[in-house]
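> Residue numbers (our numbering), protein chains in the order written: chain A, 1 to 252; chain B, 253 to 511.
The hints are simulated quantities; they were obtained by calculation from the structure and are not laboratory data. Mixed in with the good hints there might be a few duds.
Estimated spans, in silico, between C-beta atoms of each pair [unchecked claim]:
| id | chain 1 | residue 1 | chain 2 | residue 2 | range |
| --- | --- | --- | --- | --- | --- |
| 1 | A | A26 | B | G460 | 28 to 38 Å |
| 2 | B | I470 | A | H152 | 39 to 49 Å |
| 3 | B | R329 | A | G42 | 28 to 38 Å |
| 4 | A | D171 | B | L286 | 28 to 38 Å |
| 5 | B | G488 | A | P184 | 18 to 28 Å |
| 6 | A | Q92 | B | V418 | 45 to 55 Å |
| 7 | A | L123 | B | W337 | 35 to 45 Å |
| 8 | B | F417 | A | P184 | 33 to 43 Å |
Covered stretches of chain A, as calculated for chain B (at least 3 residues, CB under 8 Å) [claimed, not checked]:
| id | region |
| --- | --- |
| 9 | 45-54 |
| 10 | 68-79 |
| 11 | 129-137 |
| 12 | 200-212 |
Values in this document were obtained by computation on a predicted structure and should not be read as measured data. We put the beta carbon where it would ideally sit given N, CA and C, even for glycine.
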Amino acid sequence: MTPISRRKLITSGLAATAGVSGLAVASHLSRRFGLIPPDCAGPYGLGTTLTYAAQRLITTHSLAREFPRGMISKMPFANAIAPPNDAFKAHQASGFANWKLDVEGMVAHPTSFSLSDLRSMPLRSQITEVACEEGWSYIAEWIGTPLIDVLHSAGILPQARYIVYHSIDADWWDSIDMADALHPQTLLTWGMNDGDLPVSFGGPLRLRVPRQLGYKSVKFIQRITATDSLKGFGKGLGSSEPEFGYSWYAGI
Amino acid sequence: MPRTTVLRESEDPRHTALVRLTHWITTAAFFALLLTGIEIVISHPRFYWGETGNVNMTPLVNLHIPSSRGTVPTGYRVLPDQNGWSRYLHFEAAWVLVLTGLIYLGASLWNGHLRNDLFPPRGHRTWRAYRDVIAMYLHRRPPSEVSGAHGYNVMQRTAYLTVIFVLFPLIIWTGLAQSPSLVSAYPFLATALGGRQSARTLHFLISGALLLFVLTHIAMVIHAGFRSHVRAMITGRRSDTPAPTQAAPQPVASLPEQP
């Protein structure tokens, strides 16, 4: 044995110790600072965790690009999603007069908002792009009530870590972390391009999350739940999307 | 002395353990990215230029292949949707490729692999050197006739450097430019390319260039001797010719240490 192999042995021993303790520290810190997505298990957990953690370190406060009015798509694509069920059709027949948004969970006062309640709150209008995971995209003006205002008005509690949102279709729900939930561009959208939000684009109420792909912007929103854990929702993966094989975090 | 330059007579340089390991990890990641990339493309096999593009708009390129979405008018039957796991694996493999590439790049800068084995040596940075290599391939002359080129010839070096310093950075950039979250922090990632759809189109074209490189690479390995070259990339040893029989078998420990 030469001195080189002894040196090698010591160096690799030190490197291994540093590596293991580094991983342990990283794992502890990432849990503490919310860098682990709910769909972190399984063969693709490493990739989606690296992506989510990197994005949370880089883009917590960044604003999605907003475009000049002239770039609004003349032919936006609604995607083929039929109005989901009989309950929806009944709402549609009555002009959505009885449509309610229930805010519940970790809030001081659970509240039910009508569409006119939401419209009477301070509005925000922004021209942002919807990018679908399939590859296509369009730009539209979205008008709505910032989710942060609705959460504050219901008295969101400091221990809330996720906002779960449900469409009128029980199988279509999703969730976002507080970085996106309290983000100024996350809108409970009821208007599009100077008109009411059409049903084909998610009317009467769609949660627009412009820093993530289109599928996070769930249509026909009826209920939002503030929670500190996603374990009790569906299969505990944070959304119905991972149950169909799609990642929970869609900021890429 | 950098280990990567160790040469025995006119033999090719052996590959260091790092080169071999990163080569095969990159190979696995590349094919995972290629397969899942094709799967993602068929959910919308149309390409646009500019910021936006969808089925209501005129594509720059329509691949005219079947799609996994009924919303895309192709005239073919709708294929099953495989986008979920494809997207998970695409981004996971991208992480593996980028991290492996960074380790390879850092180590190769450090140990001289880039300087000695990949940058064309002094005196070979001429059109004449390229002409000689092309002539060698065209006239099927043995590589030894290209004078003074130890290890890789200038064409190989240029191809590898193009992949490392042009195609990989571009494929990573055009990929990141399609991340809505990253672009919110760094808008120039998309705007400098002409917009989101331009980035997607370029990503597709560059992946084609990378595929072309891989196919050429495999063809050249087959041309040069598939078994010996693949063995060299797996074990690090190049033993085209069997060990000379007259020499007594040497104990393994006394062979030059293979890193």
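> Hint by hint, say whether it matches the structure.
Results for each hint:
1. A/A26 / B/G460: 28 to 38 Å: Holds, at about 37 Å.
2. B/I470 / A/H152: 39 to 49 Å: violated (60 Å)
3. B/R329 / A/G42: 28 to 38 Å: Given a distance of about 31 Å, which is inside 28 to 38 Å, the answer is holds.
4. A/D171 / B/L286: 28 to 38 Å: Since the Cβ atoms of A/D171 and B/L286 sit about 33 Å apart, the hinted range of 28 to 38 Å holds.
5. B/G488 / A/P184: 18 to 28 Å: Violated: the Cβ-Cβ distance is about 56 Å, outside 18 to 28 Å.
6. A/Q92 / B/V418: 45 to 55 Å: holds (54 Å)
7. A/L123 / B/W337: 35 to 45 Å: Check passed, 40 Å falls within 35 to 45 Å.
8. B/F417 / A/P184: 33 to 43 Å: Because 40 Å falls inside the window, the suggested range holds.
9. 45-54: holds (count 5)
10. 68-79: The restraint on the region 68-79 of chain A holds, since 6 of its residues have a Cβ under 8 Å from chain B and three suffice.
11. 129-137: holds (count 8)
12. 200-212: Holds, because 3 residues of the region 200-212 of chain A bring their Cβ atoms closer than 8 Å to Cβ atoms of chain B.
Figure legend: structure checked against the earlier numbered hints; hints not met, in rising order: 2 and 5.
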